[in-house]
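Could you put together the complete structure from these sequences and hints?
First residue of the sequence shown? That's 1 in the numbering used here, and the numbers climb one at a time after it.
Since the hints were derived computationally from the structure, they do not count as laboratory data.
Glycine is no exception: its CB is placed at the ideal position from the N, C-alpha and C atoms.
Relax, there's no trap hidden among the hints.
Taking lysine to any residue pairs in the SDA-like style, the calculated list, with each CA pair at most 20 Å apart, reads:
{"no.": "1", "residue 1": "69", "residue 2": "102"}
{"no.": "2", "residue 1": "468", "residue 2": "141"}
{"no.": "3", "residue 1": "328", "residue 2": "415"}
{"no.": "4", "residue 1": "328", "residue 2": "439"}
{"no.": "5", "residue 1": "46", "residue 2": "26"}
{"no.": "6", "residue 1": "468", "residue 2": "129"}
{"no.": "7", "residue 1": "46", "residue 2": "75"}
{"no.": "8", "residue 1": "415", "residue 2": "427"}
{"no.": "9", "residue 1": "415", "residue 2": "327"}
Cβ pair distances, simulated, as ranges:
{"no.": "10", "residue 1": "143", "residue 2": "413", "range": "52 to 58 Å"}
{"no.": "11", "residue 1": "312", "residue 2": "128", "range": "30 to 36 Å"}
{"no.": "12", "residue 1": "413", "residue 2": "202", "range": "43 to 49 Å"}
{"no.": "13", "residue 1": "268", "residue 2": "192", "range": "27 to 33 Å"}
{"no.": "14", "residue 1": "212", "residue 2": "319", "range": "26 to 32 Å"}
{"no.": "15", "residue 1": "56", "residue 2": "388", "range": "50 to 56 Å"}
{"no.": "16", "residue 1": "272", "residue 2": "212", "range": "29 to 35 Å"}
{"no.": "17", "residue 1": "140", "residue 2": "459", "range": "23 to 29 Å"}
{"no.": "18", "residue 1": "265", "residue 2": "460", "range": "24 to 30 Å"}
{"no.": "19", "residue 1": "105", "residue 2": "484", "range": "20 to 26 Å"}
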Amino acid sequence: MRVTVTAGDPLTAEADLLVLGLWEEEPPAPPVADLIEPGDWSGKAKQTLLTYPRGVIPARRVLLIGLGKRSSPDIDLLREVAAIATQRARDVKVERFVCALPVVPEHTPETVAAALTEGSLLGNYRFLAYKTDIKPEERHDIDEMTLITPPDAAEEATRGVARGSAVARGVNLARDLANLPPNVLTPAQLAERARELAIAFDLPVTILGPAEMREQGFGGILAVGQGSANEPRFIVIEYGAHDTNAPTICLVGKGITFDSGGISIKPAENMDAMKMDMSGAAAVLGTLHAIAELRLPLHVVALIGAAENMPSASAYRPGDILTTLSGKTIEVLNTDAEGRIMLADALTYAQRYNPTAIIDLATLTGAISVALGPHAIGLFANDDTLAQRLLRAGETAGERAWQLPLWQPYREMVKSEIADVRNAAGRQGGAITAAAFLNAFVGEYPWAHLDIAGTAWTDSKPKAYQPKGATGVGVRLLVQALRDWTG
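And the structure:
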């Protein structure tokens with residue numbers, strides 16, 4: 001599906017479907033009012049009414065959709081409105097539809113167009129790769145949405161469409177990766193998908209296998225992956241490496257393609273969802289795709305440790321002591337706390353780039369779900385400027401984060417009596433102690449950790465643009481933060 005822009009009057013558009021957003025406090029004027037029967041319309045947020053003009057205006061169908069109160073416009077509501085419109089267009093089997101760009105005085109046409117584009121493309125997402133019994137009409141998809149704008153807004157709207165399209169494609173890539181079954185997306189296959197992305201944008205890529213990792217001392221990733229027949233990989237992709245004056249941002253993603261818990265095995269119930277334990281890696285790759293399309297003037301390094309955490313005779317054990325890439329040692333108390341062990345090596349590797357900032361994303365702890373539920377990303381940072389940057393970006397992008405403390409007493413909780421650190425510190429403050437563990441491997445560099453365990457997967461449909469399954473969370477926040485970095 002693509003989104004385009006044209007300048008003109010939506011009421012004169014010849015289209016199979018015209019979408020008009022209406023404010024709650026403003027009764028529609030003719031000829032739109034002529035399409036509505038008394039009592040059928042209130043304009044409340046997300047209300048829809050499909051009408052057939054029959055010559056009143058050129059469009060064959062008109063979908064009215066409520067924008068809520070003009071006095072309190074909501075950009076995220078615009079994303080939902082666009083998603084609802086796209087899904088209704090799909091229901092009535094049109095291939096193309098047009099949508100009037102609403103005038104929102106508090107926001108630029110670029111911002112409004114970007115939100116509508118994101119919402120439409122995200123709302124159109126479906127993961128159907130492995131369904132064989134879908135009827136042809138159920139596979140119907142939308143080819144194009146055209147935003148109709150006033151002439152003086154077309155240029156800005158076109159920029160917004162380009163931005164929204166890039167972001168949505170990045171999110172949908174992340175969703176695709178996290179939705180893939182673990183027998184398909186093994187560590188080697190995740191590395192291959194990363195290589196394909198790098199080749200598509202002509203980016204340098206390095207993929208280390210077990211032999212190369214063993215030679216360099218990746219003791220954490222190798223230990224986590226040693227119980228699986230699918231060997232681990234370490235993935236490095238550089239964007240903007242030629243720009244020596246640009247800030248260097250390292251994005252680190254946890255890439256556990258399936259997490260059984262290892263010897264500390266998880267309960268069988270819901271273990272199938274652990275294919276999404278590589279959602280941090282998916283978000284990093286989705287972000288890279290988006291910023292490469294947008295050609296942001298930054299140097300971004302994507303670093304992903306990919307492995308399966310499986311129980312076997314060769315698996316690592318509770319009680320093991322591991323030597324990581326940094327030289328620091330880890331006492332293993334729970335093999336199901338494997339993500340932080342993987343990230344320890346990746347965070348150490350990131351320091352080779354002398355980065356301006358390191359940001360990691362990981363489905364790290366169930367504790368963050370208990371603390372924040374499904375609507376907020378857990379944010380931890382050793383640098384308040386970086387934390388505030390990410391918090392602002394999350395608000396703007398519609399992916400909110402909430403900062404939790406990383407005080408010294410929490411760091412004391414992850415110290416080991418027989419190694420440098422231990423990978424589990426009990427039930428209390430589990431998300432915080434996991435972040436405190438990571439803090440031991442970032443040196444003095446500005447660093448932030450985004451725990452997306454509560455937001456990476458949904459069994460419901462919390463928003464119109466978010467189907468069940470992988471959410472692609474983190475991409476919108478990161479792209480916004482990186483855009484802000486460029487000024």
